[in-house]
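Enquirer: The chain contents come next:
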Amino acid sequence: MNSFEYGDEKISGKELMIAVPSMVISVGALSLPRDIAVETKSSDGWIALVIAGVFCILIIWMMAKIAASFPHQSFFSYASIIVSKPVAVVLTFIFAILFISLGAFNIRVLGDTSQQYLFNQTPVEVVTLSFLLVVVYAVAGSRAALFRLNMLFFPIIIGISLFVILFNLKWVDWTNLFPVFQTDFQGHLRGIKKSAFAYMGFGIVLFYTAYVDRPKNTPKLAMLGMLIPVVLYVLVYLICLLVFSHAATSHLLFPTIDLAKRIELPGGILERVEAIFFIIFTMAVFTTTAMALDVAILALQSIFKRLKKMQLIFMLSPLLYFIALSPQNIGQIHMFGDLLGNYLVSFTFLTTIVLFIIAKIRGVKPNDQKTT
Amino acid sequence: MDIRFFTAIVALFCCFFRTFSGMILVFIMMSIHMVNLKSLGIPYSTPFTPTMSGDWKDLIIRAPMSMLTKRPKFLDPEDSKSVNKEVKDS
Chain A
136 MNSFEYGDEK
146 ISGKELMIAV
156 PSMVISVGAL
166 SLPRDIAVET
176 KSSDGWIALV
186 IAGVFCILII
196 WMMAKIAASF
206 PHQSFFSYAS
216 IIVSKPVAVV
226 LTFIFAILFI
236 SLGAFNIRVL
246 GDTSQQYLFN
256 QTPVEVVTLS
266 FLLVVVYAVA
276 GSRAALFRLN
286 MLFFPIIIGI
296 SLFVILFNLK
306 WVDWTNLFPV
316 FQTDFQGHLR
326 GIKKSAFAYM
336 GFGIVLFYTA
346 YVDRPKNTPK
356 LAMLGMLIPV
366 VLYVLVYLIC
376 LLVFSHAATS
386 HLLFPTIDLA
396 KRIELPGGIL
406 ERVEAIFFII
416 FTMAVFTTTA
426 MALDVAILAL
436 QSIFKRLKKM
446 QLIFMLSPLL
456 YFIALSPQNI
466 GQIHMFGDLL
476 GNYLVSFTFL
486 TTIVLFIIAK
496 IRGVKPNDQK
506 TT
Chain B
-1 MDIRFFTAIV
9 ALFCCFFRTF
19 SGMILVFIMM
29 SIHMVNLKSL
39 GIPYSTPFTP
49 TMSGDWKDLI
59 IRAPMSMLTK
69 RPKFLDPEDS
79 KSVNKEVKDS
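So the protein lines, in turn, are chains A and B. In terms of this note's numbering, the first sequence opens at residue 136 and continues consecutively. In terms of this note's numbering, the second sequence opens at residue -1 and continues consecutively.
This is chain B alone, in the form it adopts within the complex (with noise of 0.2 Å):
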């Protein structure tokens, strides 16, 4: 159920065998684990690796909102254009 006990348990694991690079292996299954989600059929991953870059500025930190003129090209919207630009527009 939780990815704490997990990582940690692999922690400990590899600090007791004095090892280092056990963990990249957890990072490893995390990612693979990330990449087969699947909410409402669009990956879990999307804007990153179906790569949609002009998504990433809503991601990270967000631009302002004078910037964020587009509608999130992952939902496919019919209108591409987001309310905030046709309320500037008018």
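Only chain A is shown next, with the shape it has when bound in the complex (with noise of 0.2 Å):
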């Protein structure tokens, strides 16, 4: 009869299916446009973009699938019932470390942008600084918090994604769309790798999988989830080139903000959306770093069992700190997220597929111990 409780360390389906989306559209999608143009001829990148997305739909499922057949139980338990228990040290700790890394790309950039478009005379250190400590503060409280704040967020930063396509619309020009299916093989290939990249960090649900009250229809729900950022994404590539043309979108450093910055709403009562708009964009770069702090806390966790949770918040704030601010110049953050991108997203789809295939050919049977 009692269909739901409050209890501190479980979460229901729809708040994890909600966390995928607000895992994955982080700062990626602001250059993202600019990203796949560069790599595709004229207006193709969408197709690049949708079989990424596809891809990584079919990878989700398959993570949701094993990870639903065994509730209640962490990434590391039933890696080691699957592979041996050294093989899933192994791979619990390259996650921690990978999703660490995510944390402080993402922080990083977003202080670079700010310090482009916001606020020049402040320091990069101060602003990573200032919103690593605000991090920090949502990790430290309970983990059902964080996902509650997810679902307080989600809808105000689709609301202003909706807003600025919607607003752009006026300036539409169709004719950049043609000539289309004029790329290779090859610049396919490179769009779909640059589109993998955007959608990097889904691989929470490995992980988060174990907090699910019911994880019967899971699979479903995270897919769903999946689905919002990848029809986000094609929307906003498509919105940008046919607003600012494919040559002008490749040489944009970040054409998602260019294109908040086109808006004139009408009598001009409020200019410079695109501040608010990056500002807006904050909170999605906010719920994906604490996110991406909270696997690894929670991965580390597993491994590590007498370590408490505020001992390795405090472990792992410096060293994200450190690794945020040890790119140089512009140059070097895009290369460290490259880097980041062909780690972080080869080595979650890699795990995946060996874990599901490796299941289904010995047989493991799913199981239900109550070893969280």
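To be clear, the hints were calculated from the coordinates, so they are not data collected in a lab. A quick note: this is a predicted structure, and the numbers were derived from the prediction, not measured. Some clues are possibly wrong.
[Stated by the list, open to error] Below, a list of computed lysine-lysine pairs in the DSS-like style, where the Cα atoms sit at most 30 Å apart:
id : chain 1 : residue 1 : chain 2 : residue 2
1  : A       : 444       : B       : 71
2  : A       : 149       : B       : 71
3  : B       : 68        : A       : 351
4  : A       : 444       : B       : 36
[Unchecked claim] Far from chain A by the CB rule (all over 10 Å, computed), these chain B residues:
id : residue
5  : 41
6  : 59
7  : 66
8  : 70
Glycine included, each C-beta is placed from N, C-alpha and C at the ideal position.
Work from the hints to combine the two standalone chains into their complex.
Expert: Encoded structure:
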């Protein structure tokens, strides 16, 4: 009868569904149209985005399927059932390192971009540090609260994105769309690789399914959640292309912010909409960073069982700050992002596929032990 | 104690350094605090973020009395029909 409890360490399937898009939508969305337009000719980037998106949705289905067959067990515990325990330790450790780097990358790009658009006199270190402190405050609370925070912020983020898309429809020039289907196979492959980078971070499903109270229909909900960023990214890319044309899109540094800059409200009641867009986008970056840090803590906590959460936070946050500030200029940041995308995406894909196949071959029985 | 002073100090700070997005950090911090609050075991932000859209019509704008026929779901009542409805039925 009692359909819900407000237990602190349990989340509902709907909350996981919202967590996936809030994790995926991050700083990648700001430079996404440029990254893809560089690799593909005319307006063909959406094909790469859709193919990469469908692939990610498939992988996310696999992840949720594996994780849901071991309800209420952490990634480390079911990975050590499927593959042996030492391998599981290595996998969990690599995931932790990659998610810390993802958080660091997000913070750094946010700091750099806000310095460029909002305040040019504050040093990056201060912006990054103040943002990191807020992230630490969020992670120090309970885990269910983090999910509630996602649900609170998600409608606002989607709302501002749709607002930017809607108010740019006035500037759309349909001739920018043609000629279609000009890109060769190699270009499409590179485009798919670039757009898979934009989707990085969906590996959280492997870790957070352990906290879903009834993980029966988690695969469906997680797939539905992944569909949201795919549709949003395709829309943003197409609008960028239709407004700026291909040549301009491939030369802008952050086309999505420039898209927001283009908005003119009737009567001119509000200027510089891009500042508001960017500020709201800070919330999207915030949820991504907080969850990345939280997943890293969760992963490390399952290996080192004796460490407390607060100890791990105080150990990891200086490390995150150090990684965030180690790139010196914008070229190195891009290099760091490419490297991180390469490793994170390929590692997530490989781990999921290998775990899925080995679980099928060895015929690991799904079991319901209550050992989180 | 007071969130007003904190907000005002941060706003002053942001104004002093000519930054604009410091306020969003305050907003996020307030949201984090709100989401971590609990009263009698029920989260403070209840009808919004453990989402129960049925309760929303009594939340921001109060719907007409004739539409409020359910008891608030977050209290997990044994009888989901409200007294209001029962009076009308009889």
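Enquirer: Under the criterion that the straight-line Cα-Cα distance not exceed 30 Å, is the pair residue 444 of chain A, residue 36 of chain B satisfied?
Expert: 21 Å, holds
Enquirer: Say whether it holds or is violated: residue 66 of chain B keeps its Cβ farther than 10 Å from all Cβ of chain A.
Expert: Holds, since 21 Å exceeds 10 Å.
Enquirer: Taking the closest pair, is the beta carbon of residue 70 of chain B still more than 10 Å from chain A?
Expert: 13 Å, holds
Enquirer: Quick one: work out the minimum CB distance from residue 59 of chain B to chain A and report holds if it exceeds 10 Å, violated otherwise.
Expert: 17 Å, holds
Enquirer: Is the Cα-Cα distance between residue 444 of chain A and residue 71 of chain B 30 Å or less?
Expert: 33 Å, violated
Enquirer: Checking a non-interface call: every C-beta of chain A should be farther than 10 Å from the C-beta of residue 41 of chain B. Is that right?
Expert: 6 Å, violated
Enquirer: Between residue 149 of chain A and residue 71 of chain B, does the CA-CA distance stay at or below 30 Å?
Expert: Distance of about 17 Å is within 30 Å: holds.
Enquirer: Do the alpha carbons of residue 68 of chain B and residue 351 of chain A lie within 30 Å of each other, as the hint requires?
Expert: 29 Å, holds
Violated hints, in rising order: 1, 5; the structure is consistent with all others.
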